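Engineer: Now for the letters of each chain:
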Amino acid sequence: MDLDLMINSFPKLLSAAVITLKLLSVSLIIGLFIGLFFSILRLNKNLFINRFAYGYSYIFRGTPLLVQIFIIYFGLGQIEYLRSTVLWVILKEPYWCAIIAFALNTGAYTSEILRSAFQTIKPGIIEAGKSLGISNKVIFYKIQIPIAIRQSLPAYGNEIILMMKGTSLASTVTIMDLTGVAKYIISTTFKPIEVFIVAGGIYLFMTFIIHNVIKFLEKKYSFN
Amino acid sequence: MELLAFGDTGWGDELFYATLMTIAVSITAMFIGFLFALIFTPLKLSKNKFLNFIANSYTTIIRGVPELLVIYLFFFGGTGAVMYVASIFGYNEYIEINAFITGAFAIGIISGAYSTEVFRGAIQSIDKGQFEAANVLGLNKFGKFFRIILPQTLRLAIPNLSNVWQITLKDTSLISVTGLVEIMRQSYIAAGSTRDPLFFYSFAAVLYLLLTFASMKLINRLEVKYSRGY
Numbered sequence: 191m192d193l194d195l196m197i198n199s200f201p202k203l204l205s206a207a208v209i210t211l212k213l214l215s216v217s218l219i220i221g222l223f224i225g226l227f228f229s230i231l232r233l234n235k236n237l238f239i240n241r242f243a244y245g246y247s248y249i250f251r252g253t254p255l256l257v258q259i260f261i262i263y264f265g266l267g268q269i270e271y272l273r274s275t276v277l278w279v280i281l282k283e284p285y286w287c288a289i290i291a292f293a294l295n296t297g298a299y300t301s302e303i304l305r306s307a308f309q310t311i312k313p314g315i316i317e318a319g320k321s322l323g324i325s326n327k328v329i330f331y332k333i334q335i336p337i338a339i340r341q342s343l344p345a346y347g348n349e350i351i352l353m354m355k356g357t358s359l360a361s362t363v364t365i366m367d368l369t370g371v372a373k374y375i376i377s378t379t380f381k382p383i384e385v386f387i388v389a390g391g392i393y394l395f396m397t398f399i400i401h402n403v404i405k406f407l408e409k410k411y412s413f414n
Numbered sequence: 132m133e134l135l136a137f138g139d140t141g142w143g144d145e146l147f148y149a150t151l152m153t154i155a156v157s158i159t160a161m162f163i164g165f166l167f168a169l170i171f172t173p174l175k176l177s178k179n180k181f182l183n184f185i186a187n188s189y190t191t192i193i194r195g196v197p198e199l200l201v202i203y204l205f206f207f208g209g210t211g212a213v214m215y216v217a218s219i220f221g222y223n224e225y226i227e228i229n230a231f232i233t234g235a236f237a238i239g240i241i242s243g244a245y246s247t248e249v250f251r252g253a254i255q256s257i258d259k260g261q262f263e264a265a266n267v268l269g270l271n272k273f274g275k276f277f278r279i280i281l282p283q284t285l286r287l288a289i290p291n292l293s294n295v296w297q298i299t300l301k302d303t304s305l306i307s308v309t310g311l312v313e314i315m316r317q318s319y320i321a322a323g324s325t326r327d328p329l330f331f332y333s334f335a336a337v338l339y340l341l342l343t344f345a346s347m348k349l350i351n352r353l354e355v356k357y358s359r360g361y
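Here the protein sequences line up with chains L and D, keeping their order.
Take the first sequence: its letters are residues 191 to 414, numbered as in the numbering used here.
Take the second sequence: its letters are residues 132 to 361, numbered as in the numbering used here.
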């Protein structure tokens with residue numbers, strides 16, 4: 191055990207963890223909107239719209255995140271047309287490519303979580319709203335969405351943790367996040383176990399915090 | 132389409148073998164995962180606090196740390212660890228472990244943590260009466276486990292194990308960082324030498340979709356088979 195290395199690498203890894211958290215939070219926020227949008231499309235009765243939303247979530251859940259990042263980062267740059275548009279400002283940055291891939295990926299999972307949450311809402315609750323003369327729009331925003339969010343909290347908590355682990359793939363497109371820095375230190379010092387303990391410890395700590403925040407929210411918004 | 136031709140002119144045969152490699156690594160990893168689950172599930176269910184603690188640490192650490200980090204640990208640390216163990220037995224030559232074993236082992240440990248949780252959940256949700264009934268019928272321990280508990284566990288576990296399989300299959304793409312030529316690595320090589328990353332990575336995505344789709348169909352059959360009588 192090389193304790194010095196562990197102590198020396200800790201601040202470096204900690205500042206890299208900030209980048210991991212940034213990647214995570216930005217992609218979760220964008221992903222939540224994408225997920226909400228597609229879950230609403232999934233509930234649509236129009237077969238074409240429904241299939242489109244299903245296809246989106248199927249493709250993004252059925253392929254590895256690594257492929258998705260590589261397609262966006264290496265693949266899209268190949269299209270000449272894209273290079274001449276404003277989009278190129280975003281797509282030439284590995285940081286934004288990673289975020290786009292993460293957001294689309296977590297969006298697909300979130301849409302499934304929210305869809306099942308919407309579907310498990312008891313029809314009686316919506317009927318109660320209708321019989322009180324509340325408009326469909328208000329029923330959706332004030333009744334269905336809050337209940338769906340509460341229902342999906344446990345599953346969404348898992349998704350946040352999975353996504354946090356997913357952000358480690360950003361290191362494959364040159365971003366120095368927690369895993370990127372850990373790999374760099376491992377490959378320069380050849381002390382994988384020490385670095386793994388420190389970096390893994392930071393990841394576990396973040397998992398622990400996320401887990402407890404979700405637990406707290408679940409309790410706060412429980413029906414009983 | 133020329134790019135996918137078999138033989139020297141295209142990448143068709145290379146990608147085909149890479150797909151077989153992905154399947155081989157996934158199955159090996161899943162199997163190693165089952166072995167880990169076989170060890171850790173009883174520890175999780177045991178009444179001994181210390182054994183509980185060991186099993187919980189395993190599943191918590193593996194499920195809370197990124198797969199890529201675990202792979203780096205095995206990739207960089209695997210050779211050192213094996214050589215250390217070998218040196219205890221008096222063997223001091225350089226040992227190189229091949230990428231397949233390192234990769235399958237790393238993914239296997241990850242997959243094992245998920246499988247452990249699945250089996251634990253399945254065994255816990257079996258009605259207590261089933262254990263008691265087996266006791267009353269005078270079945271011995273093995274009979275109780277293989278005839279009563281295991282079939283019911285499998286029925287309950289298969290839907291969730293199918294998720295674990297999907298996760299494992301997708302995680303194998305990460306082994307490409309160690310140089311094992313599976314779908315992702317082969318696409319990377321092909322993309323590099325043809326300068327056509329969009330095509331090859333999209334094709335890799337299609338291959339993974341085909342694999343997940345085909346395995347879903349197979350697992351659904353198993354599910355029907357083990358749900359007989361329900």
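Because the hints were derived from the structure by calculation, they are not lab data.
Predicted, not measured: the structure shown is a model, and the values here were computed from it.
Worth double-checking, as some hints may not be accurate.
Stated by the list, open to error - Cβ pair distances, simulated, as ranges:
1) L/Ser274 <-> D/Gly323: 22 to 28 Å
2) L/Met191 <-> D/Ala217: 36 to 42 Å
3) D/Pro173 <-> L/Phe200: 44 to 50 Å
Stated by the list, open to error - Heads up, simulated DSSO-like pairs for lysine-lysine below, C-alpha to C-alpha not over 27 Å straight-line:
4) L/Lys312 <-> L/Lys332
5) D/Lys178 <-> L/Lys405
6) L/Lys235 <-> L/Lys381
7) D/Lys275 <-> D/Lys356
8) D/Lys356 <-> L/Lys405
9) L/Lys212 <-> L/Lys202
Glycine is no exception: its CB is placed at the ideal position from the N, C-alpha and C atoms.
Engineer: Give a verdict on every hint.
Structural biologist: Tested hints:
A hinted range of 22 to 28 Å holds for the C-beta pair serine 274 of chain L and glycine 323 of chain D, which are about 25 Å apart. Checked against the given bound of 36 to 42 Å, the beta carbons of methionine 191 of chain L and alanine 217 of chain D, roughly 20 Å apart, lie outside it. Taking the beta carbon of each, proline 173 of chain D and phenylalanine 200 of chain L are about 37 Å apart, not inside 44 to 50 Å as hinted. At roughly 15 Å between alpha-carbon atoms, lysine 312 of chain L and lysine 332 of chain L fall within 27 Å of each other, so this suggested pair holds.
Between the alpha carbons of lysine 178 of chain D and lysine 405 of chain L the distance comes to roughly 26 Å, so the proposed pair stays at or under 27 Å and holds. Of the supplied pair hints, the one linking lysine 235 of chain L and lysine 381 of chain L is violated, its CA atoms being roughly 57 Å apart against a limit of 27 Å. Simply put, lysine 275 of chain D and lysine 356 of chain D have alpha-carbon atoms about 21 Å apart, close enough for the 27 Å limit, and the pair holds. Note on lysine 356 of chain D and lysine 405 of chain L: the hinted pairing is violated, with a Cα-Cα distance of about 38 Å set against a maximum of 27 Å.
Taking the CA atoms of lysine 212 of chain L and lysine 202 of chain L, the gap is near 16 Å; set against the 27 Å cutoff, the hint holds.
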